[in-house]
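Chains as they are written, first to last, in numbering that gives the first Met the number 0: chain A, 0 to 692; chain B, 0 to 692.
Derived by calculation from the structure, the hints in this document are not laboratory data.
For every residue, glycine included, the Cβ atom is placed at its ideal position computed from N, Cα and C.
Mixed in with the good hints, there may be bad ones.
[To be verified] Derived, one-sided and incomplete: chain A residues facing chain B with beta-carbon distance under 7 Å: (1) G251; (2) L468; (3) V490; (4) V552.
[What the hints assert, rightly or not] To give a feel for the contact side, a few chain A residues facing chain B, derived at Cβ under 10 Å: (5) Q80; (6) G97; (7) Q101; (8) H170; (9) G176; (10) T187; (11) I191; (12) S194; (13) L203; (14) T210; (15) S239; (16) D263; (17) G429; (18) H494; (19) Q556; (20) E670.
2 protein chains.
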Amino acid sequence: MSMKENRRLSLLNSHLLSQFPQVAYDDSLANFRKRTENLNSDLLFSIYFGKVADGLKRMRSIMTSNPLFDKFKELDLSLDQRRERIVQQISAIYFQSGLTYQEDFKSPYKLLELFWSTAEYELALTTKMSVTLLLYGDTIRSFGTEKHIQLAERAYALKDIGSISMTEIGHGSNVPGVETIATYDHSTREFIINSPTATSVKWLVGGVGKTSNMTALFARLIVDNIDRGVHVFAIKIRDSVTHDPMPGIIIGDVGLKTALNGIDNGFLIFKNCRVPYDSLLDKLSSITPEGKFKSSVKSKEKRLGIIISGIIRGRITVVGGTEVHIRKGLTIALRYGALRKQFGKKDGTESSLLDYQSHYFRLIPHLAKMFAIQAGVEYLWALYSSVKAKASVDPECNELNEYHAMLSCMKSISTMYGTAALQDCREACGGHGFLACSALGNIRNEQDCHPTWEGDNMILLQQCGKVILKQVQHVFKGNKITNPDLQYLDVDFEHLKAYKAAFHDRETLLNPRLLIELLEYKVNYYINQTFIALRENSTAYTDATDVWNNSQVHYIQEIAKAYCEYIFASQLIKMVDKLYEKCQSTGNAVKNIFYLYVVERIEKSLSIYVEYALNPGQAKLIRDTELYLCQALKDISVRIIDILGPPDAFLGSVIGESDGQAYSKLISHVEKSEDVYSKPAWLPLLQQIKQRA
Amino acid sequence: MSMKENRRLSLLNSHLLSQFPQVAYDDSLANFRKRTENLNSDLLFSIYFGKVADGLKRMRSIMTSNPLFDKFKELDLSLDQRRERIVQQISAIYFQSGLTYQEDFKSPYKLLELFWSTAEYELALTTKMSVTLLLYGDTIRSFGTEKHIQLAERAYALKDIGSISMTEIGHGSNVPGVETIATYDHSTREFIINSPTATSVKWLVGGVGKTSNMTALFARLIVDNIDRGVHVFAIKIRDSVTHDPMPGIIIGDVGLKTALNGIDNGFLIFKNCRVPYDSLLDKLSSITPEGKFKSSVKSKEKRLGIIISGIIRGRITVVGGTEVHIRKGLTIALRYGALRKQFGKKDGTESSLLDYQSHYFRLIPHLAKMFAIQAGVEYLWALYSSVKAKASVDPECNELNEYHAMLSCMKSISTMYGTAALQDCREACGGHGFLACSALGNIRNEQDCHPTWEGDNMILLQQCGKVILKQVQHVFKGNKITNPDLQYLDVDFEHLKAYKAAFHDRETLLNPRLLIELLEYKVNYYINQTFIALRENSTAYTDATDVWNNSQVHYIQEIAKAYCEYIFASQLIKMVDKLYEKCQSTGNAVKNIFYLYVVERIEKSLSIYVEYALNPGQAKLIRDTELYLCQALKDISVRIIDILGPPDAFLGSVIGESDGQAYSKLISHVEKSEDVYSKPAWLPLLQQIKQRA
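Generate the whole structure from the sequences, applying the supplied hints.
Set out below in structure tokens:
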């Protein structure tokens, strides 16, 4: 019997055995879809996903044809079963992905096909591969030398399962503060690794709890009793045959997390663990045969900065992973919003939730943000290889700095968008959305790791602001600005005060150039305000760190946010142009999405615009145009999500599948449980209470 | 051996057996606390908790002395064990609470002592009691007659476990749309209850899955083939002895939810279930011995409105429950923020996270909102009994309408505050905050039910706006406004445009009267803008429903939000005054909290103020004062939370306990797990993959 037949039979069985009244076929979603035509599905898919489009399709099809990929089955798994399943899943698809070390060296897109498709299924699956390929692999690739290449190759062949031991119990964001020590012993030309304190224990290391046999360890290198700063060592942590921890290493599992429990995050304790000299990834620093430390980068801080910038791919995938989460959440919430009917007109017909302003206003702006993030991610990957190449020659090059600033703000802003989006998707699905079989709680909980890992959002905003302010200071010194995304810089606050936005109705407002100009205005506004704040704080605080730290909120953070919005918008309009060239109506739909993204961003910062640039009438026009655009997009939003959303099998959501049969699926899901109609074993306790008085 | 000794011994054991380096005693939190003095703990506790203060203490002590209340033990429970445990917990404390039907009739505070303390432990525990006492009990009390009283009494004695069957698969917010049918059969003077469609199945009914034996059923009453609208029936759903569903009823469990899995939400399917006439709660409507329907309220809609307004206590407890969640989240996040150190000054000393502007700015405003909600809840309960008494005489009285408006906006706004607060608390605790043993993920997930149940937030904002706009129309007709919280109403937009806020520095800004005036301004601003929007939409749409529905976002919703903020602030200043009277320094601390609440609310709406009332310099002053207040409060915030926060045993958070030994507790928690150092059973699979190529 084929799988399809099997499924049909089990559906039939559940109908026959169901205690529920028969469920009528629900044509609500199908009818909602009919409102829109003229959308070129293939075009939208291929432009939206760009270079990953074909591979994504291929990987989706590999996964959906494998019964291991059944989200509903995962709801009841124990912690251990969850971890086992992810290993099974990787085993089932990794070798079909075509990814190799050599391939990944040439272009990042093959890896992205694998990551994008698996993230659509579950972030833990992607992360499990990411820690070994991307974090462990990239660290070796960036800072190892010839002799280390085979380690990266082994990781890409899954002969080793790698990990990255950076964070400790006591230090997360502050990597220069890690306490683990690697003392060089010249007599044996080994390093002796130790966890001198409880807070120095390597902590929350992905993949280490149960699976990893190799790790890239961040530890302070001590040579001749001198602390040479944090370096990275590729070390074996478990025996290849017995899987026992290597001598001098204790490995444990940190246990249950809010989500991502498929990943076995663990901890590592080192007690005089000896590793050979070649463990040191010695591209930047090495120890001579005479036992002398030498490094091509003199400053400890710079050296660590370079090392960390070598593993930025992880951070890029966080931006991409957030886009996937928003897309999953919206796929469920928009379909449910279309099929779910409540209240309605006086004639008794009920309206789709998605027809209510208060409902679509909560969802449609997230669709715009999803497109904005996607345009931003594409920009990041398009620049990645060339920046990487330049940085390998000159690790302190301007391009890497600018890239770092851009990635930092994108990571923070996109993940903030993501968290808000998933919460709204959850709430928009009401009580059904609170059920585990809606998947929304879990997707929100998975998304919840993104603001924290790969650089805490607050730190990254700061770092982005720092780079931009340095560039501004450069301009103050009479230099030209090199950053292509900051060409509009204007440090004359009087100019800004004199700027009046030139629009007087919806038509004149919906002009891409004007809208981008308004986003440029915001960047300039916050740069100017920040200089005022820094000046004021310089008199309030004596310590430069205090001046800096106390100019973050409302100032430096806002520069980073505004800068990110500018980049998102200027990339998104490029996607619109590409679509428009091939299909006007598809281009127009996405143009509205672009408009909404910018108008909504302006609306959320209206106060700064009303100070100088806009009058109250224009402010009202911004608010009303935002509503207009949401309304204009709600009907087409379901079709868009049909084109871009993951396959049903990846959603694990009875209320969000493409056929719109939410109620019937909800019922059959609930009735499938063994305990649905059973009496509790603790009934005697209940009876005792009731008979007590 | 005493419990304390037991605990000490197990601590000692875990130290001896631990694989970790010894953890030094961490004095960070203790040192942080020393920054503040002059806070009168007892006074703050008693004024903050008001009439519930003593009872809360008593209930906390009953619970903490019982080993059943151990949050960490709950992390590993199965769905079924979780439900069993809650029943055990109720059995252990309910009869000690002193709550009786008669007591609860006199004053709501005894019930609140029970609810507040249990919510501090876990919302599911409170909810489990709430569905039978408050939802089932209040429905009977409000719409039953003499003969039904014994049912409520039985519920309060836990002789019956009640529930409220209102929502159906197909209808949640739209109660008038429920499909369940109760057809009157005059021949037997019975009702025949049926679930005519799959969507009519009663759904997500709390307590029904495994425990309830009684329910208050909402169904359309059919008499003589005429649909008389939705009525309520108190019916027996399970046999008292066998616990089997009664004939004609199928009962099932809906299974796993995102949180609150201690509550057995279930479903009910009716198939020609016959119940006696006396099941009908017949205070408003009845059927004569001749079989004729009669009702004291003619309109179906009004009748249902009255019925639903009879069970508003549930909604009030949502506001209170949200305050508890924020308090729990902040207790953990503020303590952790004080003890967690990262980065720092050039001299090498690390700073507490809570000393960083970007960190405290994310937490301290939530403390202000927590106080605001608490002041609001106290106002709700203070008015409750008198409004209830008036409504029982005249169910359509003005006071009930106003109360309903106030409660509706408070429920929406407080739960929005709560969701945002818990997300920030989670993120503020970084990676440790993502561990299940931090408790933050679970508290956030529990909070997540509040925006949805007891009236969806979007609907409630609308209802509040409706009541206010009706009152405004009343004024247009030349009447005086009765609502004590709307006495400042000004429908002359020209007045508003002419208003200029009279402050020019921080000192003149921090004036309670001026700040409240600014909140009044906001209410008036949105009322005026809404009338403009309604007028515009009246030309854009022909259908009155469309006009209304399309004036929600930016308009009607904002009236409700602004109105709520006004009430919160005007109640919070009363709390400040009460404190100030008895202790100036405590009063001053909470006055800063009041200032922050209002200033932050103004800052978030700055755009509307800058349109007419404030100039750019004043806008900057608002932003900078907001930062100043957060900074002024960060040091004292930990002491405040020490006074108001729940006992350690209720938090279930290794990183948030009062002794500040986060790292040592984290380690001993993780090492307690059986699987911490074990190899996975699926090791062969892993080895197979690694040896594959």
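The hints, checked one at a time:
no.	hint	result
1	G251	5 Å, holds
2	L468	16 Å, violated
3	V490	18 Å, violated
4	V552	5 Å, holds
5	Q80	9 Å, holds
6	G97	14 Å, violated
7	Q101	14 Å, violated
8	H170	7 Å, holds
9	G176	7 Å, holds
10	T187	24 Å, violated
11	I191	15 Å, violated
12	S194	6 Å, holds
13	L203	5 Å, holds
14	T210	6 Å, holds
15	S239	7 Å, holds
16	D263	8 Å, holds
17	G429	5 Å, holds
18	H494	15 Å, violated
19	Q556	7 Å, holds
20	E670	7 Å, holds
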